[in-house]
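Under the numbering used here, residues 2 to 296 are what the sequence shown spells out, in order.
Hints are computed from structural coordinates only; laboratory data are not their basis.
Among the clues, some could well be false.
[Unchecked claim] Quick list of in silico lysine to aspartate or glutamate cross-link-like pairs, EDC-like style, CA-CA up to 16 Å:
1. K231 to E258
2. K208 to D91
3. K29 to E76
4. K257 to D91
[As the list claims (entries may be wrong)] So the derived label-pair ranges between C-beta atoms look like this:
5. I52 to K208: 31 to 41 Å
6. E212 to I55: 48 to 58 Å
7. Q38 to F188: 39 to 49 Å
8. N36 to Q110: 12 to 22 Å
9. D21 to G155: 14 to 24 Å
10. I86 to K44: 15 to 25 Å
11. L72 to S97: 16 to 26 Å
Cβ coordinates follow ideal geometry from the N, Cα and C atoms, glycine included.
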Amino acid sequence: MKSDELYKHLKFTNDFSVDDWNDLIRVKFRTYFRNDQIFNSNKEVLRTEIINYIKFSEKPVYLTLFNWTFLIFRECFERDEQLAIKQISDSFYEISSTDFKWMTNAIIQPNPADFSERDKMSYYFKVIDEILEGVFKPRFRLFDNFINYYTTGGYYDNSKIDFGQIIQNFPVSESVPATLYLKDPYFSISTNQWRNISAHKTFNITKDSIEIEYGKRNIKTLNISFEQLKLILDWTQDIYRVIRLAEVFINLNYTKEVVNYLGGTDKMKLRFESVLMHLINNIQIVGFQFISILS
């Protein structure tokens, strides 16, 4: 999606008022917040996040994954709030950077409709790598730490652990609900292997199919269609949307505590691309039309 299209995508009917949007986010999101005060203070953010929610909530398996992910975080906070706040705070800047990367990629990406089929497939692999390596991996690493606390009672430093090891060593007791994070739903190839295939370009695009190679010691090959690669791309986008929104909601619930832990807003170094998105979203709701971000 080109930069202008990113914002033009946020379209609303004139028949749907601000109050209607507020009612919608209350119905869909209130249950994820500790109290009305926290929920109401985040309404502007949530009017944008409802769009991200809709993109995966129509698929029951992803909605189930989202609810399970959020409940894991919430349970950890309920067991020991201070420990959980420390974990969220210690990873705050790394996790925040994923939204900056996601926004940047969305703004600068070309329109694949203009590509040849071969170039389009190469581009899909590039995007898969950018999603899994650039934005999904840091968020999944954070989630893995909370899963470890949930299952063993302790957080641990997984910052130096290989992505593949984190996927492979995911707690067996929670591997079923986490399946979509751990492997694709079509070929059961692990998430880190798709990252490796895309990053190391172990694929060969022919006239009407793609041969991929994956694995270290026991190298496997598989032929997939162009349509199947697009399904893989869609899957990576969906699992990122799910884990991102679950973590966003947890952060919104404990924003005050995290800010205090990090020394206050005057000491926090943040960029404001996401604020621009929220502003564009909210002024469109009240009748303004987005034209362009280009000068």
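Hints, one by one, checked against the model:
For the hint pairing K231 with E258, the CA-to-CA distance comes to about 41 Å; that exceeds 16 Å, so the pair is violated. Distance hint between K208 and D91 is unfulfilled; the C-alpha atoms sit about 48 Å from each other, more than 16 Å. In summary, the hint linking K29 to E76 is not supported, as the alpha carbons are separated by about 20 Å, beyond the 16 Å threshold. Between K257 and D91, the direct Cα distance comes to roughly 15 Å. Compliance with the 16 Å bound is thereby established for this hinted pair.
Taking 31 to 41 Å as the suggested C-beta distance range, the pair I52 and K208 conforms, at roughly 38 Å. The hinted window of 48 to 58 Å between E212 and I55 is violated, with their beta carbons roughly 36 Å apart. Checking the proposed 39 to 49 Å range against Q38 and F188 shows it holds: the Cβ atoms sit about 46 Å from each other. Restraint check, N36 to Q110: a C-beta distance of roughly 39 Å breaks the suggested window 12 to 22 Å.
The given range of 14 to 24 Å is broken by D21 and G155, whose C-beta atoms sit roughly 46 Å from each other. Checked against the hint of 15 to 25 Å, the C-beta distance between I86 and K44 comes to roughly 23 Å, which is consistent with it. Checked against the hint of 16 to 26 Å, the C-beta distance between L72 and S97 comes to roughly 23 Å, which is consistent with it.
The structure fails hints 1, 2, 3, 6, 8 and 9 (numbered hints given earlier, in ascending order).
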